[in-house]
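Enquirer: Build out the structure end to end from the sequences listed, making use of the hints.
Protein chains: 4
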Amino acid sequence: MMRVAIVGATGYTGCELLDILIGHPDVRVTSLTAKLDSAIKIHDEFPRFRGRVDLPCTPLDVEEVCKESDIVFLSLPHGVSMKFAAPFFKAGKRVIDLSADFRFSDVSVFEKWYGLPHGAQDLLAQAVYGLPELHAAEIRKARLIANPGCYPTGAILALAPLLHGHHVAPDQVIVDSKSGVTGAGRKASLPLSFGECNESFRAYKVGKHQHTPEIEAELSRVAGSPLIILFTPHLVPMNRGILTTAYLTPLKKIAAGEIIALYREFYANAPFVRIADQGKLADTKDVCGLNYCDISIVVDDRTGKIVVISAIDNLMKGAAGQAVQNMNLMCGFPETAGLK
Amino acid sequence: MMRVAIVGATGYTGCELLDILIGHPDVRVTSLTAKLDSAIKIHDEFPRFRGRVDLPCTPLDVEEVCKESDIVFLSLPHGVSMKFAAPFFKAGKRVIDLSADFRFSDVSVFEKWYGLPHGAQDLLAQAVYGLPELHAAEIRKARLIANPGCYPTGAILALAPLLHGHHVAPDQVIVDSKSGVTGAGRKASLPLSFGECNESFRAYKVGKHQHTPEIEAELSRVAGSPLIILFTPHLVPMNRGILTTAYLTPLKKIAAGEIIALYREFYANAPFVRIADQGKLADTKDVCGLNYCDISIVVDDRTGKIVVISAIDNLMKGAAGQAVQNMNLMCGFPETAGLK
Amino acid sequence: MMRVAIVGATGYTGCELLDILIGHPDVRVTSLTAKLDSAIKIHDEFPRFRGRVDLPCTPLDVEEVCKESDIVFLSLPHGVSMKFAAPFFKAGKRVIDLSADFRFSDVSVFEKWYGLPHGAQDLLAQAVYGLPELHAAEIRKARLIANPGCYPTGAILALAPLLHGHHVAPDQVIVDSKSGVTGAGRKASLPLSFGECNESFRAYKVGKHQHTPEIEAELSRVAGSPLIILFTPHLVPMNRGILTTAYLTPLKKIAAGEIIALYREFYANAPFVRIADQGKLADTKDVCGLNYCDISIVVDDRTGKIVVISAIDNLMKGAAGQAVQNMNLMCGFPETAGLK
Amino acid sequence: MMRVAIVGATGYTGCELLDILIGHPDVRVTSLTAKLDSAIKIHDEFPRFRGRVDLPCTPLDVEEVCKESDIVFLSLPHGVSMKFAAPFFKAGKRVIDLSADFRFSDVSVFEKWYGLPHGAQDLLAQAVYGLPELHAAEIRKARLIANPGCYPTGAILALAPLLHGHHVAPDQVIVDSKSGVTGAGRKASLPLSFGECNESFRAYKVGKHQHTPEIEAELSRVAGSPLIILFTPHLVPMNRGILTTAYLTPLKKIAAGEIIALYREFYANAPFVRIADQGKLADTKDVCGLNYCDISIVVDDRTGKIVVISAIDNLMKGAAGQAVQNMNLMCGFPETAGLK
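Residue numbers (this note's numbering), protein chains in the order written: chain A, 1 to 340; chain B, 341 to 680; chain C, 681 to 1020; chain D, 1021 to 1360.
No incorrect hints appear here.
With a straight-line Cα cutoff of 30 Å, these simulated DSSO-like cross-link-like pairs (lysine-lysine) come out:
(1) B:K381 x B:K423
(2) B:K620 x D:K1207
(3) B:K375 x B:K452
(4) A:K112 x A:K90
(5) D:K1055 x C:K885
(6) A:K208 x A:K187
(7) C:K885 x D:K1061
(8) D:K1055 x D:K1225
(9) D:K1272 x A:K252
(10) C:K821 x C:K747
(11) A:K280 x D:K1207
(12) C:K960 x B:K527
(13) B:K375 x B:K527
(14) D:K1225 x C:K715
(15) C:K721 x A:K340
(16) D:K1207 x B:K680
(17) B:K620 x D:K1055
(18) A:K340 x C:K747
(19) B:K381 x B:K680
(20) D:K1228 x D:K1207
(21) B:K375 x D:K1300
(22) A:K252 x D:K1132
(23) A:K112 x A:K83
Just so you know, the hints here were simulated from the structure itself, not pulled from any lab data.
Expert: Right, here's the structure in full:
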């Protein structure tokens, strides 16, 4: 039994991590911390854990966490994770960071898009981008995982096979994504209040969202050459789920059936990617609470464009579920352990 | 054309007031203020007004507002209204206060339930409780209106006829209310965030909600003797609407048809109360955006209890709509002017 | 490994049953049937099962189901279950019926409230009302379980301890319940369409809902004498969850702390009932996806009334979860197996 | 006072039409019909009209409607309108048809996309496409209006100025739209039920939606040459609103400020189009209940693409509001009469 700590347990991702990990056969949650003045019971913050988890959630004490755990999930805001990753890493812990802090090998990209200096650059070389469908081998050997962003997970998985196979124009990629509100985190915020989000649908940060360079970096690697994309996120009045509708221009005519075959081959060893049969369209509710990424392919014969649609649960495959999938690979557990 | 000011224009009630008043045939909105560092355009805060209202919204300057307006709506938090009502009142303005500050003739009740001292007690004697269905005559002569709370409006209208006629036990009144989230105001707040309210249904402040004594005070007056009620509010994952389900114990057997007749007579001159035919049940969506209070009557023959159900839009009959109805009476406009 | 069949697999309850049972350590789902013209894959109806369940869902063939399974869940409308329970029961299967057909020992009550004759009266004596918190011993020996209704589960668990202990007036019980929309089943229906339910809150079947006599029958048994209650259901614009707010009149003064202690003792052996600490109020979101019934106690000193609030997930403790809990008891599995 | 009939008054569009028309200063609603066995009160179907409209809603009797009205709104399914437009038109009535039946001058396009033969081809030459921002002059003279579809309204208004000015590649237009659920009509339907739509986000009919050729026909006219577009509709869990995110490829570099200026000039005489200032993004909630189309412009410097976002209320500018705007033009009323 590996011992696990969640640093940042009072957010939506921390809550989801805990929910998964208490059912995981190979680990035991031993430590929960959060930005707090003094210790609470975790079920004081999330009553759903009452009778299921009897752990305190305490202010972070790095040494204490090091004593109590072998694996540390950092579920912290970007800019904060970078301060705590180093001590855990140096203490020999396996670290899975859910922030953006270690997702970019090129630190200048991080600093430009996140608008703050990077405080732990020496660790960047150790970090592996934790998208198991593309990096399983490195993840198995890693001690520091940069868990992907929610939008990038849905977008990269939707696009990788076609870009990898050079089937589409790399400079004509449009990614139109729609996310449930928990994707924005758990906090007091007027724009995220019920009265402002319910019965509302809106785009935000068009072309400027900080997940843009993350999608680009991975897809460039996959495509074998640098590419830039147009990324438009939207907010949907629902709790969970991201649907990504991506528009691609094929370099030569290709049928939906061929693309589906190509995707199924590309993801043949990926237990959490499901490629829909032709004519079926992904729906966020079909992945709600699950770690799957569902992908649908449409070829529009009239315009010649390819439309790829992916659906994930932003808290599962888009955050906590994927983090556990990474842990499974790092620790030699079955990839699907604890994730049904 | 009377000139109207809205003090506190950036909340949900302020927004709704403005939406009504710009369509009102007898007034002109001349002044909008809010807690701001500097002036903005109102459509910067609420883009729905773009092209419809071209007014700045400024930090409050009492003298300026006095110059520009004849009628002042105070759409401010309780405890704040009391500071500003006096100067407007003394300047001869008609004041309609949407906070709780002037709703209690007994100041000790206010101070106990709201937990703060009253800073404008001398004005209390001038204030009229602005429930037009019960106080139309006084409202017509008033210069300071205490606009009722949202829950009290739905509850009092639902219960007044039976209590006034001494048909039910005054010590056995249970009021179970369910409100949409805008009833809690427009603000950054974790419990009011989308992720915490959506797919959630919960009670709050059971037996302790500050609207309890307001309901009691009015119903005691109606019943002719002091009564206490049990009031339980709940939060519904929708924007607008309050449904109140009230349970009453009849003093002697009375049929639903008789009660309906009694209610229709009681509200014969009330243009905004609609008594449903027997067998029809009130639904918040039927009053959404409207100033009506819909009331349904059920007599449960098995237990002998009477169930009265009322539905209002908390922003209309529960706040802004009723405030305009009060203005109409105060100014001698038709009671329904601007309210369809 | 026991083999399990779900008869009626294409409703919300059937879907939830399947989701639970595929993760259950002691059973294997071997048969899925529904009202169909020909066999489909279950993931054609519910894509969330793609890659997780590879079973066809077929038109019901009783003999076939008998061959393939040891335990049969009937997830059928009332009036339909009664036709199929007998052959399975007589073939020696353990039968868990989620309809109302076997919930009433007094067949005349069923026939009056459901408006149809009972076609399997000979089986009624075999049926055990499957509320494990009250009937665990009989459930363990039963071969036919009448799984409780969703509203009754929340209401009975909320009220049993106080009625059993004769602490409250049995003729003054008011049950005000609010349910998410999946409680009404999965079907094409205008009143259940999104446009009619969203941004709407309404009561329905006040005093006439068919769950009323079910609550009464159980609570009468608990109280030791016949009682009648007033039951008012409401529809909440959310998918899952029932909050029940029950109003009780104590026979003599009793403090909230005492009641909480009494409830904790009453449910000391019930792994799925959680009694909240004083001052904490149940919220449906805290039981979403879980088999718990959360109960909160408030004593209103002003009116002397007791308010008991319970929250369940209507598809879990209110249907599929409780059915699995019953199966666990019948088969000698741990009571919580497969239910976290 | 013109006399107005609504044929098909029990759908969401019929309801919205009635709500607008009873507040319209220049008309009187005299006739409501629907597919019914016998007459009802309209407030039996829509209780929100109780006390506001005292009209029966009857089975359609063409002669009767002709006697009672000067203007006829046909709010019927496609394929049905075509049967009733002719008698009203021939009786000299002004007809505003909200179905798709008269939107295509090329009947073969209609027959291909709607899959049924056109039964009133002789009337097509009389029909004017009722998008006032593009066809005001013809609308003023028309006696038969084909009121645009909801998606086309949002898409065409978003794209017309850039295509008209030949600023963008006409063969690279991608339209990604997201609609509230009332856009699908008022009917019993499993896919439109609350349980299937809430907490769900999905695309449908990708590249195949019947509004595609309508958008193409108008934009081809505007651009001066035939174009084809890729159109992807999605369903949003909210009642009202369509957000359209359109992706365009400029023929030469053009700044957001220039485009905004160009749009403001193009729509200088259009009272219901609002072009947002640079940096502000359209939100469906800002047009909820209003007849505006809000348009935002973003130029993505990194990819060179132009993103145009439009927001409408599908029941207002997308249906009933626009129909009334058309009526205003046809009858010589102020264009904004009854629409605030």
